[in-house]
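Just so you know, the protein sequences line up as chains C and R, in that order.
The first sequence: position 82 = 82 (the numbering used here), numbered continuously.
The second sequence: position 110 = 110 (the numbering used here), numbered continuously.
Hint data in this document are derived by calculation from the structure and do not stem from the laboratory.
Remember, predicted model here, so these are calculated numbers, not experimental data.
Wrong hints could be hidden among the right ones.
Under the rule of at most 25 angstroms between Cα atoms (straight-line distance), these lysine-lysine pairs were calculated in the PhoX-like manner [said to hold, decoys possible]:
id : chain 1 : residue 1 : chain 2 : residue 2
1  : C       : Lys14     : R       : Lys185
2  : C       : Lys31     : R       : Lys18
3  : R       : Lys85     : C       : Lys14
4  : R       : Lys102    : C       : Lys14
5  : R       : Lys71     : R       : Lys28
6  : R       : Lys71     : C       : Lys14
7  : R       : Lys28     : C       : Lys31
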Amino acid sequence: MELKSENYIPTSTKLKGEALRQIYRVWLFRKLLPVLVLEIILLSVILYGLGQVVFIQRVFENALNVLFVNPSGIGFFVVSMFTSASLATQILGFGVLILLAFLIRHFTQGMLRLFLVRENFFSKVRQ
Amino acid sequence: MRSYLAEEENNKDLHELKDQEILRASLKEPALFEILMERYQEPLARAAWRIVRNPQEAEDIVQEAFVKMYKNADKFEKLEGIEFKSWAYKVTINTAITHYRKLKRGEFLSEDPTVFEEPEKEFADARFSAVADAKVAVAKVLDQMPGHLRSVLHRYYLEDKSYKTIASEEKISIPTLKMRLFRAKRLFRKLNADDPHGIEI
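Using the sequences plus the hints, can you model the full thing?
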């Protein structure tokens, strides 16, 4: 493509980088943060509920005892603790695990996208 | 993450996707917007430069325009029959004009009439696309108008017919046609102002 010299303006890579970072912020605040905040609120509510039915401090103390006395038995301890708990506690515990998984997933997605934006990944793919 | 990157690397058609598809995908994957930026960064910067005549400002305008495009991508999805390219030019030129006015340099059209003289092919293409998009928006407003007013407005502005031709087709005098056009324009402005997707007049 021929350009008249007076009309040609070289566009810097800084422009693209800065615009992409702003676009990432838009995505972060519009798409990711609302989901993360919702998950954190739900997790807090479930943890509060779990705290009402389980003496969490004692559970951790017991877990630490098992871990120091018999580290290989920690798996069995966790399984037996879960199976011997009431149905409500099992449901709440399961909810905590699922929400934690979602939180980690969304957090890593956010980090991955930040990496892709900072590294101009899709222009490198073409090259 | 490795599998994700590998998947993207294997996607040979990524850069062959249409603009609209990339824009849609970029709402989930913001880094994809970079492909659109690569495609249009330079032509949009030139379009902005023609208005502000300053490379640094032109870059700032393009940057701001890209962010606006991303923020309003949902609105663009709802517009029918409009190409991303012409929409991008429209956003950029509007942003450039706003910048220009903020800098208190006055109206660019009155101060710099060379802006639209001897346009390059690419700029002409963009203007053509913008005109095509405007025609779609105009057609929507025209549909809401009474037949006799819609007819004269359509013939004059969309079919580019002369007063004489329209007057003869409508079997009315030229002064009557002018009055009818005046009323039609007034109604059009009102309807367009009420339309959330209306064009800027």
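Here is how each hint holds up against the structure:
1. C:Lys14 / R:Lys185: Outside the cut-off at roughly 45 angstroms; violated.
2. C:Lys31 / R:Lys18: This hinted pair holds, its Cα atoms lying about 23 angstroms apart.
3. R:Lys85 / C:Lys14: holds, 22 angstroms
4. R:Lys102 / C:Lys14: holds, 24 angstroms
5. R:Lys71 / R:Lys28: holds, 13 angstroms
6. R:Lys71 / C:Lys14: Holds: Lys71 of chain R and Lys14 of chain C sit about 20 angstroms apart, inside 25 angstroms.
7. R:Lys28 / C:Lys31: This hinted pair holds, its Cα atoms lying about 8 angstroms apart.
In summary, the one numbered hint that this structure violates is 1.
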